[in-house]
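All chains should be built: construct the whole structure from the sequences, respecting the hints.
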Amino acid sequence: MDSTLPLPTPPLPTVPATEKILLTIIGLGLLALLPAAFAADAFQARVSLYVAMALVSVGTLLWAARKFGGHPAGVQQDNLWLRSSTSRGSIAWLTAIVLTGFYVILYWFSSPDEQGNFGLFNNLIHALDPLSQTLRQRPADQWFLYGTFYTLAILVMGGRALWKYRHSPYQRIRTVSVMFFQLGFAYLLPSLLLAFQRPEYYFSYFWPLKYDYLFPGTVSYLLKDGGPGLGVFMVFWGAVISILGTPVLTYFFGKRWYCSWVCGCGGLAETAGDPYRHLSDKSREAWRWEVRIIYPILGLIVLVTVLLWLGVSGMLPAWATTSQPSSIGLFNNLSPVDALSKFYGFAIGAVFSGVVGVGFYPLLGNRVWCRFGCPMAAYLGLLQKHFSRFRITTNGAQCISCGNCSNICEMGIDVKQYAQRGEPIIRASCVGCGMCSTVCPRGVLNLENGPREGRYQASQLISAESLRILS
Amino acid sequence: MNLVIIGNGITGVTCAITVRRLRPDAHITLVSDESPYHISRPALMYAYLGHLRPQDLKPYGDWFWAENRLELVQATVTHLDITRQQVQLRTGEALPYDKLLVATGSVSRFQNWPGQELAGVQGLYGLPDLERMHRDTHGVGQAVVVGGGLIGVEMAEMLHSRGIAVTMLVRDTHYWGSVLPPEEAALVNRQLQAHHIQVQYSTELAEIMGDDAGRVRAVRTSRGQEIACQWVGLATGVTPNISVAQESGLETDRGILVNEHLQTSQPNVFAAGDCAQHRQPASDEVPIEQLWYTGRQQGETVAYTLCDQPRPYQRGPWFNSAKFFQLEYQTYGRVPARTPADIHSFCWQHPNGQLLLRINFREDGVVTGMNTLGIRQRHAVWDHWLRTAAPITQVLSELGTANFDPEFYRRHEAAIVGQFNQQFPQYPVALRRRKGLFSFS
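From first to last, the protein sequence lines stand for chains A and B.
Here the first sequence is numbered in the UniProt record's numbering, starting from 1 and rising by one per residue.
Here the second sequence is numbered in the UniProt record's numbering, starting from 1 and rising by one per residue.
No lab work stands behind these hints, which were simulated from the structure alone.
Don't take each hint at face value.
[Claimed, not checked] Sample of chain B residues facing chain A (criterion: CB under 7 Å; computed from the structure):
(1) S40
(2) P42
(3) L52
(4) R53
(5) D56
(6) F404
Treat the numbers as computed from the prediction; the structure is a model and nothing was measured.
No residue lacks a Cβ here, since even glycine has one placed at the ideal position from N, Cα and C.
Spelled out as structure tokens, the structure:
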């Protein structure tokens, strides 16, 4: 409706000098990545990388302290839709291209060759060798580089989120939780396991997000390499949380116990992705695509898992588990079942969750993967919708239809459609980040766990329109 | 039924939606010259702040109107032809109606100050005002906001976000003196101070002075002080928008006069929302209500009248809410700025100066109203307490059930009840029931 509600674009307030100095520190840090990636001298590259990480981290934290801490605590999102960086402007495009390119290089141009040469990221990866040796007792590889950057992003941008949302205990505790699970469960603990010659295992990722944790290949590998005690525990842990823990926890707390408190993908979205949460598409059409895409993906990974187990137990016809040549390089010398599994890993595991999921943060919002692609989110969502005590309550008739809740919703839920009708919000996609409640200027929204009876009951203080608003 | 609604604000739209539900066959047309689609007026400030885009001001998607067969006409109404039952548009077209709802809302109320016609002087009510404010505050360094009410503080927040230095002129001795008791106003004042808004209380606007180009350059206050500024916001209230109704022969006073079914003096013509004035308001209630909420309730009531299922307008216990910079405000029931002699007023404040809870009650203990700043309260619970004339002892002992703060927020019921028992030992209270993350009730 830009053509029908024409508002002049105002000038942005000038950036204060202190902020400029701090942004300069971040810029210098990013610049130091160049020698880290390209310097011929290994020592120089190493020093440059650590300097880069230090400058970017310190610069970002100080900048956030200045930008958010310099104002009274509360909702701080002035000029969100006016700044180029957060409104799909030129800076956003540039950021998206850099992020997407990083994933493309990481996934397809950084695998080691026989000489231990890691392609385009070789320098950066080897620059991390000392850290990797300390933590994991072995040289770095491309996934250690990725894990280090990922964890740093969650910690540093988590620090920013703590400044920004310091007035809200819910947001503070939740942010600390995702920082804790990323650092402890998805970075230090897997490293420690490797240092002790054990399988690298992420205790905070579960099937069907970490789909191979219930694949026969991974299960047998964990049991073998993890040893009788640890290996069995890892397989047991993964299976129990996937099959038992997830329904039970979701029943009591909703999907949020995982998606916005524990999960690493969610952790990155809630911290590094926080400046982009409003970019998610709230239209009815986007919701339809969400349903069309996410449930088939859940179906596909369930199918792949079942087929793999049937295959190893010999219950499939021979052709399905016999390797066959293929003109498509990706599938050459794979059995049809393995090819399907490989296809899932490539299309969903790499392209969707990484390249699109994170690379497109600045254009499509920070939860594209969680909303459209993640089979774990689909599974949790079905439980949340049909078998949970969780709902977002709306407060009587206090809604003024201002739309701040819909705007901030990273999952693209048009929250105000419910709030202005006084209806509780029970949606499969809601990850319970609590931002709608945080930004509501009239105290209308609240995340609550309560009895399932009357969970859909609308407020008596406002007449539900009972018109078809949402399909 | 061929229904024409003048105005696509919350009143007109609520009426249209309700009539569609009651009478699926009705032909419904909404006429407005402000915007092609319904917008949320209370959200206007968020578009200026950059929290929202202009299109985010629309509570419903554009498909909503066609799918529910609600015809939208963007045009100015020039005359109501009551004998021929048609609405005359500026385009020359006439819209015939069987029934007509006038829901034209309000217009900003100015007091004929010298210089109020200068460029850079305006009120803030609708979308055209927001457009002007967007345009006219470009490059402005200092601004003056006249009026200490909800719109005044909104304007101050908007200007503050652009780095514009704001001076507020407030007629009363404290902020929103006609509505807020002094303690509440003091908390709002702290917000204004924290955001570097200069406030001059007990000060009125005397004159607005312009430069040679016809643009505002300064104001003079009732205290004789001259304040340089390049923009002036007049936030001194609104008055019903009745010009068309008046010249078309509807009986009016300050607003369009209506009975309890929101019928006007003319057959088949109805009025609701900001522009309507109740001939016989219920006791203790005002004849003209200018809130989003009351607009919605009147829109619904008039829809029932239009569909021949009349039920008298009953607003129920009063409620309202607002946000002053970072400070949230909710009120339920009646809390006058000056506590009447026969009412007890219990006011608890947190030492941090950011939380307040006030409960008013009668000598016999019946609770009559509450104000809260910084603590969210559950509308349904307070509505129930007010409707059932719950005594203060019950309300305070069950106060936890009314809390609507998010999980992990500090709870203050114990401190509140403790202070109450000290202050009013004749109404002893024992605190019961807690709400929390692990409550399974």
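Structure-based check of all given hints:
{"no.": "1", "hint": "S40", "result": "holds (4 Å)"}
{"no.": "2", "hint": "P42", "result": "holds (4 Å)"}
{"no.": "3", "hint": "L52", "result": "holds (6 Å)"}
{"no.": "4", "hint": "R53", "result": "holds (5 Å)"}
{"no.": "5", "hint": "D56", "result": "holds (5 Å)"}
{"no.": "6", "hint": "F404", "result": "holds (5 Å)"}
In this structure, every one of the numbered hints holds.
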